[in-house]
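Protein sequences, first through last, are from chains A, B and C. Using the working numbering, the first residue of the first sequence is number 2, and each one after it goes up by one. Using the working numbering, the first residue of the second sequence is number 2, and each one after it goes up by one. Using the working numbering, the first residue of the third sequence is number 31, and each one after it goes up by one.
By construction, these hints were calculated from the structure, which means they are not laboratory data. In this text, a Cβ means the ideal position worked out from N, Cα and C, and glycines have one as well. Some hints here could point you the wrong way.
Stated by the list, open to error - Covered stretches of chain C (in silico footprint by chain B; criterion: 3 or more residues with CB under 8 Å from a CB of chain B, positions within the stretch not fixed):
(1) 42–50
(2) 118–131
(3) 137–144
(4) 152–159
Unchecked claim - Not close to chain C: a few residues of chain A, all C-beta gaps over 10 Å, as computed:
(5) Ile8
(6) Glu21
(7) Phe32
(8) Pro35
(9) His44
(10) Glu49
(11) Ser71
(12) Gly110
(13) Val136
(14) Pro142
(15) Ala145
(16) Glu165
Stated by the list, open to error - So, partial list: chain A residues that the calculated Cβ filter (under 8 Å) puts toward chain B:
(17) Glu13
(18) Arg38
(19) Tyr77
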Amino acid sequence: MTDRPAILRHLEAVLFVADEPVPTADLAVLFELPAHRITEHLHGLQEELAREGRGIVLRNVAGGWRLATSPDSAPYLERFVGEQRHGRLSQAALETLAIVAYRQPVSRGQIAEIRGVSSDGVLRTLLSRGVVEEVGRDPGPGQAILYGTSQLFLERMGLDSLSELPSLADLMPDTRAVERMESGLGPGL
Amino acid sequence: MTDRPAILRHLEAVLFVADEPVPTADLAVLFELPAHRITEHLHGLQEELAREGRGIVLRNVAGGWRLATSPDSAPYLERFVGEQRHGRLSQAALETLAIVAYRQPVSRGQIAEIRGVSSDGVLRTLLSRGVVEEVGRDPGPGQAILYGTSQLFLERMGLDSLSELPSLADLMPDTRAVERMESGLGPGL
Amino acid sequence: MTYAVKLDVFEGPLDLLLHLVSKERLNVADISISEVTDEYLRASAAMGEVDLETASGFLVLAATLLELKSLKLLPSRTTVDPELKLLLEERDRLLHRLVVYATFKTAASRLGSSLSENSGFHSRSAELPEELAPAAPDVLRNLTPEQLARAAARALTPPEPPKVDISHVTRVTVSLDEMVQRLKARLEREQLSSFRQLCSTARARIEVVTALLAILELFKSQSVELEQDQPFGEISVAWRQTAPEAS
Numbered sequence: 002m003t004d005r006p007a008i009l010r011h012l013e014a015v016l017f018v019a020d021e022p023v024p025t026a027d028l029a030v031l032f033e034l035p036a037h038r039i040t041e042h043l044h045g046l047q048e049e050l051a052r053e054g055r056g057i058v059l060r061n062v063a064g065g066w067r068l069a070t071s072p073d074s075a076p077y078l079e080r081f082v083g084e085q086r087h088g089r090l091s092q093a094a095l096e097t098l099a100i101v102a103y104r105q106p107v108s109r110g111q112i113a114e115i116r117g118v119s120s121d122g123v124l125r126t127l128l129s130r131g132v133v134e135e136v137g138r139d140p141g142p143g144q145a146i147l148y149g150t151s152q153l154f155l156e157r158m159g160l161d162s163l164s165e166l167p168s169l170a171d172l173m174p175d176t177r178a179v180e181r182m183e184s185g186l187g188p189g190l
Numbered sequence: 002m003t004d005r006p007a008i009l010r011h012l013e014a015v016l017f018v019a020d021e022p023v024p025t026a027d028l029a030v031l032f033e034l035p036a037h038r039i040t041e042h043l044h045g046l047q048e049e050l051a052r053e054g055r056g057i058v059l060r061n062v063a064g065g066w067r068l069a070t071s072p073d074s075a076p077y078l079e080r081f082v083g084e085q086r087h088g089r090l091s092q093a094a095l096e097t098l099a100i101v102a103y104r105q106p107v108s109r110g111q112i113a114e115i116r117g118v119s120s121d122g123v124l125r126t127l128l129s130r131g132v133v134e135e136v137g138r139d140p141g142p143g144q145a146i147l148y149g150t151s152q153l154f155l156e157r158m159g160l161d162s163l164s165e166l167p168s169l170a171d172l173m174p175d176t177r178a179v180e181r182m183e184s185g186l187g188p189g190l
Numbered sequence: 031m032t033y034a035v036k037l038d039v040f041e042g043p044l045d046l047l048l049h050l051v052s053k054e055r056l057n058v059a060d061i062s063i064s065e066v067t068d069e070y071l072r073a074s075a076a077m078g079e080v081d082l083e084t085a086s087g088f089l090v091l092a093a094t095l096l097e098l099k100s101l102k103l104l105p106s107r108t109t110v111d112p113e114l115k116l117l118l119e120e121r122d123r124l125l126h127r128l129v130v131y132a133t134f135k136t137a138a139s140r141l142g143s144s145l146s147e148n149s150g151f152h153s154r155s156a157e158l159p160e161e162l163a164p165a166a167p168d169v170l171r172n173l174t175p176e177q178l179a180r181a182a183a184r185a186l187t188p189p190e191p192p193k194v195d196i197s198h199v200t201r202v203t204v205s206l207d208e209m210v211q212r213l214k215a216r217l218e219r220e221q222l223s224s225f226r227q228l229c230s231t232a233r234a235r236i237e238v239v240t241a242l243l244a245i246l247e248l249f250k251s252q253s254v255e256l257e258q259d260q261p262f263g264e265i266s267v268a269w270r271q272t273a274p275e276a277s
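All chains, please: the whole structure from these sequences, using the hints.
Below, the structure is given as structure tokens:
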């Protein structure tokens, strides 16, 4: 261990797991430090990563700070992500796509509620891939954007319409078991 | 820029974008280097990250290499991402997970038989956490779904492969404990 | 000596039995089946619903324990009659299950420690950077509608309900002892009835379970005779005029 300040290590770790740019203000709250001190540390980390020629660099982009890969690694990265193996959705993306497909039109908030975690990052990926799209606005107070699956989604899945999606009834065995139990053991027995 | 070998930078960048542990063999193909050279570089990178007290460490888990945050940043991460990420598993979930880990591929029925209670609810929790997955169907009449542990399970356990699990024979109750159970159950002949 | 247990801390009948028989100097003969059963019913009622599979597992276990207990209370026999032999085989099977279960319980606690030792390592779960997205192959290529449906079913099924601390809640609508008394009175009056009739006034599932256990108690004390013509058929319950003295 060097005498590198611990805050640099913690900043690096937090930015590592963040799935979108983190505003300086959020980091200030997290570390209970004034924003200008956080900014100093971030600049320190940025220089350090650049000076040491690391594969990970720190970028100050719209909306905050995020870690990214070093530009000269791009050729390897493209080959790496182009591999067949990576041609599948992450578990989180698959789950989010499934929720959108079966519960559309659905808002970000509703997706997050079902999954128990924020799904903004994966939703953005699905939007950028063109399989999910905005389909309207919630008429309620928040006017939340509502999402649905696209025509491209249907084509890729080999479906003519959403009604051809397999029924969920058979796949949720527990609900069925409960219903059977209810009807088998009616009141009064 | 230092005279740090460029390969360390590229390795770091590739592992940064990977969404699961990357086997040494895949990296050898990508960088057109013999596997043992890649392993050397990876060990170099691993030591470097540890020595410099960085927020990111390199681990050899689940049959590959994976960047992760250093555990001493965990308190900040938990505050940052919220608690859900690595929520603790219930006793029932751990028992079910142990049965799946040692008896895979295994069906719901087989799990229930060992535990003496239905384990459908906890099994669903394990599936949604991604540590257990469907691995096939029983060829027998019922065609029961068979479950096994996932790569994420190994990663969460810090294991490189299932063979590193402690042997079940070492976990059995000792002779005295078995004798006590036996006499507790009733008289012998 | 009877032994009081708090059932809500156990994961099921096997876990409970493992706990009971692993105690020093405690064996089946010391366990008060009715106390254990009452405790079980109280725990189930407090959880708001009876998991039928767990309940039936528990019933099978309670019945086996009753049998083992009667064996234990009998004066030692020298000859091995077939019934005794069956019972001993049953005991061996139960012992085997207990050993297997105990082994997995230890494995579970090992897994639990490994998981918490490794819980400080967090990996990145962020999606591919946008600039790299064009290089990635078509993500839907290998996805089938069935896989999508399975993912939806998983996501939309509510997760395991959290464990509820029940130490302060509800009392059971009727205890096993009360049910035994109630059924005794009714059977003395009616002489012959069926399980279905006896349960016809049950207001909750838990009362049906209690009634079944009460009938088993009465059967054990030889106060009733039971008959069932076929599996799942009507169970007739007959009051024995000459019930032996309660032991």
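Do the hints match the structure? See the list:
1. 42–50: Coverage by chain B holds here, the residue count being 6 at a Cβ distance below 8 Å.
2. 118–131: Since 9 is at least three, the answer is holds.
3. 137–144: holds (count 7)
4. 152–159: It holds: at least three residues are needed, and the stretch 152–159 of chain C offers 6 whose Cβ sits within less than 8 Å of chain B.
5. Ile8: The claim holds: Ile8(A) sits with its nearest Cβ about 18 Å from chain C, beyond 10 Å.
6. Glu21: Violated, since 8 Å does not exceed 10 Å.
7. Phe32: holds, 17 Å
8. Pro35: Non-interface label stands for Pro35(A): nearest chain C Cβ at 27 Å, farther than 10 Å.
9. His44: Its Cβ never comes within 10 Å of chain C, the nearest being 22 Å, so this holds.
10. Glu49: Non-interface label on Glu49(A) holds, nearest chain C Cβ at 20 Å vs cutoff 10 Å.
11. Ser71: holds, 12 Å
12. Gly110: holds, 15 Å
13. Val136: The assertion about Val136(A) holds, with a minimum of 18 Å to chain C.
14. Pro142: For Pro142(A), whose nearest Cβ neighbour in chain C is about 26 Å away, the distance exceeds 10 Å, so it holds.
15. Ala145: At roughly 19 Å from the nearest Cβ of chain C, Ala145(A) sits farther out than 10 Å, so the non-interface label holds.
16. Glu165: violated, 7 Å
17. Glu13: holds, 3 Å
18. Arg38: violated, 15 Å
19. Tyr77: Holds - the Cβ of Tyr77(A) comes within 8 Å of chain B, reaching about 5 Å at its closest.
Violated hints for the displayed structure, listed by number in ascending order: 6, 16, 18.
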